[in-house]
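**Q** Sequence:
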Amino acid sequence: MERRSVAGIVVCKEKVLIGKRKPGGPIGLLWEFPGGKVEDGESDAEALHREFLEEFDVEVKPLCPLGSSKFQSSSGERILTAWLVAVKEGAEFVLKEHSRIAWVLPQDLGEVDLADSDKKLLPILLQSLQKALGQSCVFS
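The sequence shown begins at 3 in the numbering used here and counts up by one.
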């Protein structure tokens, strides 16, 4: 069975949301696109909704997949799919799994100390984000 993970790509004012993980675990202190493992019987959209609630207490609306890449995790090979997501209007991010969040220009993402899994998404994202920059980042 294919092991899947999702990354939520939130774009607002032409910048992308990233979060810096708290210390501990295999990606502690690294930056990432929010998201996580897709559980058995769960769709990508359901996983994104759950992960953003768990990590930030924020509701999201998955808009469209942007692309996928493979990476090695401690549990073996996984497929990571990046999804363009909108956040609920007026959302306030509560940091539960992260020490910080930042809004970064897409062209500056290569300068950030991203988790290896997320670094593999950069070529796909840089190409697909050009189309996504004009879309709304919030929903009501």
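Take the hints with a grain of salt, since some may be wrong.
Said to hold, decoys possible - Here are the simulated SDA-like cross-link-like pairs (lysine to any residue), alpha carbons at most 20 Å apart as the crow flies:
1) K72 - L107
2) K17 - A93
3) K63 - E44
4) K17 - K72
5) K122 - L31
6) K15 - S75
7) K15 - V114
8) K122 - E56
9) K15 - L68
10) K15 - K122
11) K98 - K15
12) K39 - D118
13) K121 - S77
14) K15 - R5
15) K24 - K63
16) K24 - K90
17) K121 - R23
18) K72 - S7
19) K15 - G112
20) K63 - E41
What the hints assert, rightly or not - Cβ-Cβ distance ranges computed for the label pairs, FRET-style:
21) P25 - S45: 28 to 34 Å
22) F73 - G43: 18 to 24 Å
23) F73 - E99: 28 to 34 Å
24) K15 - G43: 21 to 27 Å
25) I103 - Q129: 33 to 39 Å
26) G92 - D118: 31 to 37 Å
27) G92 - P28: 29 to 35 Å
28) Q129 - E99: 26 to 32 Å
29) L31 - L124: 16 to 22 Å
30) G26 - I103: 14 to 20 Å
31) G43 - P125: 20 to 26 Å
32) C66 - L31: 26 to 32 Å
If you are wondering where the hints come from, they were derived from the structure by calculation, not from laboratory data.
In this text, a Cβ means the ideal position worked out from N, Cα and C, and glycines have one as well.
**Q** None of the hints should be skipped; say for each whether it holds.
**A** Here is how each hint holds up against the structure:
| no. | hint | verdict |
| --- | --- | --- |
| 1 | K72 - L107 | violated, 24 Å |
| 2 | K17 - A93 | holds, 16 Å |
| 3 | K63 - E44 | holds, 15 Å |
| 4 | K17 - K72 | violated, 25 Å |
| 5 | K122 - L31 | holds, 18 Å |
| 6 | K15 - S75 | violated, 32 Å |
| 7 | K15 - V114 | holds, 19 Å |
| 8 | K122 - E56 | violated, 24 Å |
| 9 | K15 - L68 | holds, 18 Å |
| 10 | K15 - K122 | violated, 24 Å |
| 11 | K98 - K15 | violated, 24 Å |
| 12 | K39 - D118 | holds, 15 Å |
| 13 | K121 - S77 | holds, 19 Å |
| 14 | K15 - R5 | violated, 33 Å |
| 15 | K24 - K63 | violated, 25 Å |
| 16 | K24 - K90 | violated, 24 Å |
| 17 | K121 - R23 | holds, 15 Å |
| 18 | K72 - S7 | holds, 10 Å |
| 19 | K15 - G112 | holds, 19 Å |
| 20 | K63 - E41 | holds, 18 Å |
| 21 | P25 - S45: 28 to 34 Å | holds, 31 Å |
| 22 | F73 - G43: 18 to 24 Å | holds, 23 Å |
| 23 | F73 - E99: 28 to 34 Å | violated, 19 Å |
| 24 | K15 - G43: 21 to 27 Å | violated, 36 Å |
| 25 | I103 - Q129: 33 to 39 Å | violated, 24 Å |
| 26 | G92 - D118: 31 to 37 Å | holds, 34 Å |
| 27 | G92 - P28: 29 to 35 Å | holds, 34 Å |
| 28 | Q129 - E99: 26 to 32 Å | holds, 28 Å |
| 29 | L31 - L124: 16 to 22 Å | holds, 19 Å |
| 30 | G26 - I103: 14 to 20 Å | holds, 18 Å |
| 31 | G43 - P125: 20 to 26 Å | violated, 31 Å |
| 32 | C66 - L31: 26 to 32 Å | holds, 31 Å |
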